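Using the sequences and the hints, build the whole thing.
So you can see what is in the structure, the chains are spelled out below.
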Amino acid sequence: MLFLTCPNCGVAAEETEFHGGGEAHIKRFSDGSDDKQFTGYLFDKKNPRGVLFERWRHVYGCGQWFHAARCSATLEIFGTYSAQSIEPPEAIIKAVRKKRPDWKAKS
Amino acid sequence: MSEFKRISADGEVTISQPTLNGMVTIRADLTDEKTVTAIEQITGMALPSQRKITGDLIRGLAWMSPDELMVFCDDPETMTTQLNSALSGAFLVADVSHARAVFLLQGDGTREVLAKGAPVDLSPEAFTLGDFRRTRMGQVAVAFCMTSQSPDSFGLICFSSVQEFMFEWLVTACKKGSLPAYL
Chain A
524 MLFLTCPNCG VAAEETEFHG GGEAHIKRFS DGSDDKQFTG YLFDKKNPRG
574 VLFERWRHVY GCGQWFHAAR CSATLEIFGT YSAQSIEPPE AIIKAVRKKR
624 PDWKAKS
Chain B
4 MSEFKRISAD GEVTISQPTL NGMVTIRADL TDEKTVTAIE QITGMALPSQ
54 RKITGDLIRG LAWMSPDELM VFCDDPETMT TQLNSALSGA FLVADVSHAR
104 AVFLLQGDGT REVLAKGAPV DLSPEAFTLG DFRRTRMGQV AVAFCMTSQS
154 PDSFGLICFS SVQEFMFEWL VTACKKGSLP AYL
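In order, the protein sequences belong to chains A and B. This note's numbering numbers the first residue of the first sequence as 524 and each following residue consecutively. This note's numbering numbers the first residue of the second sequence as 4 and each following residue consecutively.
Hints in this document: simulated from the structure, not taken from any laboratory. No experiment lies behind these values; they were computed from the predicted model shown. Among the hints, a few may not be true.
[Claimed, not checked] Listed next, the stretches of chain A that the computed footprint assigns to chain B, with coverage defined by at least 3 CB atoms under 8 Å from CB atoms of chain B:
{"hint": "1", "region": "584 to 590"}
{"hint": "2", "region": "599 to 613"}
[Stated by the list, open to error] Far from chain B, some chain A residues (derived; all Cβ distances over 10 Å):
{"hint": "3", "residue": "Arg551"}
{"hint": "4", "residue": "Asp567"}
{"hint": "5", "residue": "Glu577"}
{"hint": "6", "residue": "Ala596"}
{"hint": "7", "residue": "Pro624"}
Heads up, the beta-carbon is just placed ideally off N, CA and C, and yes, glycines get one too.
This is how it looks when you write it as structure tokens:
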């Protein structure tokens with residue numbers, strides 16, 4: 524069971540109040556992109572064992588999207604942050620590094 | 004408000020549904036001072052802080068999300084018109100009275116009843132007067148708030164399409180002798 528804190532409304536709740544939205548920080552390719560880029564955008568998702576960044580939506584709560592950093596092996600949540608960010612903020616990276624010193628950002 | 008669509012008083016908690024309940028949703032930039040002043044003036048209520056409600060589910064102003072409020076009032080049509088003419092810029096004001104249902108729960112076991120279906124800490128230390136929480140009850144999206152203490156009374160809103168389910172759910176959850184007396 525995941526226990527997430529929504530950065531939009533401050534509620535700390537278990538995962539049934541939320542809904543996962545897949546990999547975070549992906550670039551959307553639509554108009555003007557070629558087939559390869561579009562296929563990549565749609566299907567080629569990272570599925571790392573360890574630290575990953577995801578999109579989540581607080582469906583049963585405030586209805587807003589946010590980002591979460593968690594570990595796919597231990598289900599540990601490192602932190603949640605605004606959906607309006609194109610990369611994980613410094614504080615989140617620090618929190619990840621604290622617990623996973625050998626983690627590399629680009630894997 | 005004295006008229007009720009239905010009342011169930013057989014259980015540990017009295018559940019009633021008011022016949023008429025005006026609800027107006029506002030989506031606007033709540034960090035904008037002009038917007039906030041206009042809303043406070045028209046509704047006659049102070050802007051609630053995060054996850055709080057001013058008043059109750061009959062007359063009140065509830066915090067729904069960082070850019071959303073819900074007004075509970077007697078006359079939603081006038082409220083909608085007034086808000087529409089007072090606000091400016093990007094905003095939405097909509098009368099949702101017929102899209103939502105309100106339930107009033109009264110009795111000291113209300114915390115236990117709600118805790119049966121919502122993943123929320125409802126202990127007296129964690130959930131207090133004026134708290135407003137959007138969550139789920141069973142599998143239904145709801146929001147509830149605490150409006151008075153001893154006897155505890157709570158208000159709950161859900162979509163009107165699931166009001167029958169919600170009412171039956173609440174009646175079942177508050178059957179005599181079914182409360183765990185945990186909270």
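Each hint tested on the structure:
1. 584 to 590: holds (count 4)
2. 599 to 613: n = 0 at 8 Å, threshold three: violated.
3. Arg551: holds (23 Å)
4. Asp567: holds (33 Å)
5. Glu577: holds (20 Å)
6. Ala596: Consistent with the label, Ala596 (chain A) stays out of reach of chain B, its closest Cβ about 25 Å off (over 10 Å).
7. Pro624: The claim stands: Pro624 (chain A) keeps its Cβ more than 10 Å from every Cβ of chain B (closest is about 34 Å).
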